[in-house]
Amino acid sequence: MIQKKEFEEKFFRVLMFFSTLIIAAALIFIIFSVLYKGLPSISWEMLTQVPEGGFYFGREGGILNAIVGSLYLSTGATVMSFLVGLPLALYMNVHLVRYGKLVNTIRFILDLLWGVPSIVYGAFGFAVMTYFGIRVSLLAGTITVTLFVIPIMVRAMDEILKSVPVGLLESSLSLGSTRAETAYKVFFRQCLPGLSTAVLLSFGRAIGDAASILFTAGFTDYIPTSPDQPVATLPLSIFFQLSSPIPQVQERAYASAVVLVIIILVTSILSRMFSHRYQKNKINF
Amino acid sequence: MNRAVMRVSRIRVGRLLQDKLHVFWMQICLVLVFILPFILVAGMLYKSLLLIEAQPLTELLFSKTWKPMAGRFGFYTFIISSVWVTILALLIAGPICLLTAIHLTQYAKRWVLRVMHPIIDILAGIPSVIYGVWGILVVVPFIGNYLGPFFGKSVSGYSILAGAIVLAIMIIPFILNILIEIFKNIPPELSEASMSLGAGKWQTIKLVQVKKALPGIVSAFGLGMSRAFGETIAVLMVVGNVAQIPKGLFQPGYPLPALIANNYGEMLSIPMYDSALMLAALILFVVVLIFNFASRLIIVKSEKQLA
Amino acid sequence: MMDKFKIVIENLNLQFGNQPILKNICASIPENKITVIMGPSGCGKTTLMKSLNRLTDLNPDAKVTGSIFIDGQDILHTSENITLIRKKMGLLAQRPYPLPMNIYNNIAYGLRISGRRKKRYLDKRVEHYLRQVSLWDEVKDRLKEPAGRLSIGQQQRLCLARGLAVGPDIILADEPTSALDPISSQAIEGKFNELKKNYTIVLVTHILRQAKRLADHVIFMYMGEVVEQGPASEIFGNPRQEMTKSYLNGIFY
Numbered sequence: 619m620i621q622k623k624e625f626e627e628k629f630f631r632v633l634m635f636f637s638t639l640i641i642a643a644a645l646i647f648i649i650f651s652v653l654y655k656g657l658p659s660i661s662w663e664m665l666t667q668v669p670e671g672g673f674y675f676g677r678e679g680g681i682l683n684a685i686v687g688s689l690y691l692s693t694g695a696t697v698m699s700f701l702v703g704l705p706l707a708l709y710m711n712v713h714l715v716r717y718g719k720l721v722n723t724i725r726f727i728l729d730l731l732w733g734v735p736s737i738v739y740g741a742f743g744f745a746v747m748t749y750f751g752i753r754v755s756l757l758a759g760t761i762t763v764t765l766f767v768i769p770i771m772v773r774a775m776d777e778i779l780k781s782v783p784v785g786l787l788e789s790s791l792s793l794g795s796t797r798a799e800t801a802y803k804v805f806f807r808q809c810l811p812g813l814s815t816a817v818l819l820s821f822g823r824a825i826g827d828a829a830s831i832l833f834t835a836g837f838t839d840y841i842p843t844s845p846d847q848p849v850a851t852l853p854l855s856i857f858f859q860l861s862s863p864i865p866q867v868q869e870r871a872y873a874s875a876v877v878l879v880i881i882i883l884v885t886s887i888l889s890r891m892f893s894h895r896y897q898k899n900k901i902n903f
Numbered sequence: 039m040n041r042a043v044m045r046v047s048r049i050r051v052g053r054l055l056q057d058k059l060h061v062f063w064m065q066i067c068l069v070l071v072f073i074l075p076f077i078l079v080a081g082m083l084y085k086s087l088l089l090i091e092a093q094p095l096t097e098l099l100f101s102k103t104w105k106p107m108a109g110r111f112g113f114y115t116f117i118i119s120s121v122w123v124t125i126l127a128l129l130i131a132g133p134i135c136l137l138t139a140i141h142l143t144q145y146a147k148r149w150v151l152r153v154m155h156p157i158i159d160i161l162a163g164i165p166s167v168i169y170g171v172w173g174i175l176v177v178v179p180f181i182g183n184y185l186g187p188f189f190g191k192s193v194s195g196y197s198i199l200a201g202a203i204v205l206a207i208m209i210i211p212f213i214l215n216i217l218i219e220i221f222k223n224i225p226p227e228l229s230e231a232s233m234s235l236g237a238g239k240w241q242t243i244k245l246v247q248v249k250k251a252l253p254g255i256v257s258a259f260g261l262g263m264s265r266a267f268g269e270t271i272a273v274l275m276v277v278g279n280v281a282q283i284p285k286g287l288f289q290p291g292y293p294l295p296a297l298i299a300n301n302y303g304e305m306l307s308i309p310m311y312d313s314a315l316m317l318a319a320l321i322l323f324v325v326v327l328i329f330n331f332a333s334r335l336i337i338v339k340s341e342k343q344l345a
Numbered sequence: 005m006m007d008k009f010k011i012v013i014e015n016l017n018l019q020f021g022n023q024p025i026l027k028n029i030c031a032s033i034p035e036n037k038i039t040v041i042m043g044p045s046g047c048g049k050t051t052l053m054k055s056l057n058r059l060t061d062l063n064p065d066a067k068v069t070g071s072i073f074i075d076g077q078d079i080l081h082t083s084e085n086i087t088l089i090r091k092k093m094g095l096l097a098q099r100p101y102p103l104p105m106n107i108y109n110n111i112a113y114g115l116r117i118s119g120r121r122k123k124r125y126l127d128k129r130v131e132h133y134l135r136q137v138s139l140w141d142e143v144k145d146r147l148k149e150p151a152g153r154l155s156i157g158q159q160q161r162l163c164l165a166r167g168l169a170v171g172p173d174i175i176l177a178d179e180p181t182s183a184l185d186p187i188s189s190q191a192i193e194g195k196f197n198e199l200k201k202n203y204t205i206v207l208v209t210h211i212l213r214q215a216k217r218l219a220d221h222v223i224f225m226y227m228g229e230v231v232e233q234g235p236a237s238e239i240f241g242n243p244r245q246e247m248t249k250s251y252l253n254g255i256f257y
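Protein chains in written order, with my numbering: chain A, 619 to 903; chain B, 39 to 345; chain C, 5 to 257.
Hints in this document: simulated from the structure, not taken from any laboratory.
Hints may be right or wrong, so weigh each one.
What the hints assert, rightly or not - What follows is a list of derived Cβ distance ranges for each label pair:
#1 A:Arg631 with C:Arg213: 44 to 54 Å
#2 A:Thr748 with B:Ala108: 17 to 27 Å
#3 C:His81 with B:Trp149: 52 to 62 Å
Each residue gets a CB set at the ideal place from its N, CA and C atoms; glycine is no exception.
Put together the whole structure using the sequences plus the hints.
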């Protein structure tokens with residue numbers, strides 16, 4: 619009897635160990651295979667030129683259009699969602715802190731919105747655009763991505779702001795600050811590193827998503843000079859050019875994948891550094 | 039003195055006005071988030087209504103005929119593909135997540151958790167299109183060259199199974215994070231109680247902890263499924279995109295999100311096509327919403343019971 | 005009359021990381037009596053009690069040295085299976101933690117774990133122990149309901165019955181009434197007085213009056229050390245240490 623019990627535990631412990639190993643190995647495997655395939659295609663020309671002769675057929679040129687386009691688009695989306703997200707997150711945690719039910723309802727809605735697939739945002743964005751007769755453009759793509767990133771950013775900020783004790787709010791108010799001052803001066807500063815993490819997280823989501831910009835941002839060989847022009851992005855640069863039969867075009871896709879992976883890794887490491895500093899500098903109550 | 043009073047009051051007026059403006063903007067943001075889901079539904083409904091009026095909903099959902107040129111839109115094939123891929127992905131990811139969560143919270147040394155946390159976070163942050171590239175580079179050839187022939191089948195590798203494997207890896211960090219939270223939140227006194235009754239560690243985990251965590255596990259799986267159901271690009275890249283009802287794991291499929299993504303370009307040239315694709319997006323939205331809603335409700339309810 | 009000692013603790017030291025929690029504890033706990041461990045909060049009472057059934061093992065940072073003899077056997081240095089040692093002691097925590105199952109299975113859990121599976125036997129035992137804590141009449145019609153639906157007081161009695169069901173000779177209770185209303189507390193205290201005929205009871209409390217009501221034997225702790233111990237009449241009536249005196253007089257808690 620005892621032996622059977624022990625065997626069962628041992629058996630499952632081996633399974634558990636391997637499951638953990640699979641997850642760790644999967645990450646290394648994914649990053650390794652992308653780098654292995656893509657690194658040889660990385661060159662100075664690849665990173666500093668736009669494609670020549672059309673991105674789908676042209677054998678010459680690089681992916682500068684996609685790199686710059688992605689940075690434009692995701693920076694724009696991050697800034698726009700910050701302008702909506704920060705006030706909302708502060709509002710929930712400073713002004714509405716006594717209205718637990720309402721705040722929980724907002725959280726619930728945000729969580730639901732977070733769960734909505736990005737293709738739905740993309741399709742919706744496209745429908746709105748056709749209704750108003752707007753063509754695919756940097757601006758349309760940015761707005762669509764903003765909609766999709768707002769819930770992510772607000773919830774991430776909310777998790778940070780939630781941890782600020784009510785005592786801090788009360789003491790700031792009792793010193794005569796208005797609520798907005800308390801929000802932007804006290805809460806914002808107290809949580810600054812954590813909020814930066816939330817912004818970086820959102821930036822990572824914005825730059826990586828393909829489905830929401832598929833029909834809203836379009837694709838082009840050039841770097842847009844105004845917001846109403848279509849824009850190339852790294853995810854779509856991978857997606858479109860990988861399906862091409864021409865090896866040189868595929869190389870551009872793999873190079874884009876390398877660049878995208880590196881951007882994601884850098885944001886992830888940066889946000890980890892911020893959150894570590896956050897833990898170090900945080901005043902413990 | 040009078041002047042000083044005036045200055046103080048002017049400053050106060052300025053500050054209060056500033057406060058009002060801030061609050062006004064905050065409230066606008068709040069309203070925006072509150073109405074966003076309704077706008078989404080309204081927009082999609084408005085577009086797809088055209089098709090719903092032309093064809094009964096049951097036919098749209100359960101007919102296998104997909105002939106856009108003839109104006110016949112039956113989503114059954116695509117829905118079945120989506121269901122296959124999603125369930126299969128959960129079958130792969132679910133056990134791995136559960137076992138790993140138990141390992142990390144109950145058995146593993148602290149440093150393992152410290153190493154695994156960034157790994158899970160990075161895995162969660164990798165864009166879907168990168169998973170797709172990995173799928174094309176690794177999973178598809180593996181199925182086409184090894185797994186398929188091993189089962190005596192000659193296949194391309196672009197298949198339901200490839201989609202499910204890629205999806206499984208994608209939803210693992212998502213599910214795992216929730217599960218770790220859930221196991222961490224079980225009060226240690228519960229395990230102490232079980233152990234002081236003579237139960238061993240494994241029995242305590244199996245009979246008490248997992249049982250206590252069950253509502254959470256169910257909802258984590260539900261959330262994972264809804265994530266898998268709506269995932270687009272990665273699946274689209276490896277699943278094959280053949281509009282047929284898949285008869286086996288090695289056969290290609292054509293899930294709903296892939297249908298939308300693949301056909302948006304040409305939809306404007308065919309009547310009703312845009313309406314049909316918008317309906318597909320609406321179906322996606324509703325299914326995901328129901329799964330999310332139910333899962334989060336279970337979590338909220340079980341949290342209340344704990345308190 | 006000489007007391008027979010059920011538990012003898014010798015030179016017990018315990019530290020979490022570098023922080024010593026218990027310093028050189030020497031104490032004896034007499035059989036079939038209620039021994040109260042009291043002292044201000046944070047003095048190590050709970051930790052001392054948890055080391056008695058080695059729940060301190062669950063914390064990887066905890067380092068324990070010294071000896072704890074139970075019936076003459078040193079449980080810190082033994083080859084015997086730790087779960088068998090734990091079964092000798094029923095544990096009652098500060099708040100009731102019913103297992104996530106129905107009322108019946110909460111009691112039957114420990115029995116099933118030790119291999120008793122016959123339904124007739126389980127039924128009889130469940131009823132017996134629920135009666136022993138005077139819970140049977142209140143729950144006999146709702147045995148299949150989740151235990152979480154009982155009131156807090158009922159839950160705590162259920163936890164007591166659950167502990168008794170595995171047949172321990174020792175009951176370890178860690179401030180068992182701190183979450184309860186006065187009437188439920190009274191019920192638990194009354195049970196302890198009945199149970200001490202057959203069980204050795206170790207009760208941790210910081211409620212002085214409760215200690216006075218229940219204790220036969222007292223261990224007074226302060227800052228991880230045992231300040232004074234002995235029969236209740238001596239400690240309460242004629243404490244030898246200044247520290248004990250001032251604690252009893254309410255100078256500090």
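Here is what the structure says about each hint:
Judged by the Cβ atoms, the range 44 to 54 Å given for Arg631 of chain A and Arg213 of chain C holds: they are separated by roughly 49 Å. Between Thr748 of chain A and Ala108 of chain B the Cβ separation comes to about 23 Å, which falls inside the hinted range of 17 to 27 Å. Checked against the hint of 52 to 62 Å, the pair His81 of chain C and Trp149 of chain B fails, with Cβ atoms roughly 29 Å apart.
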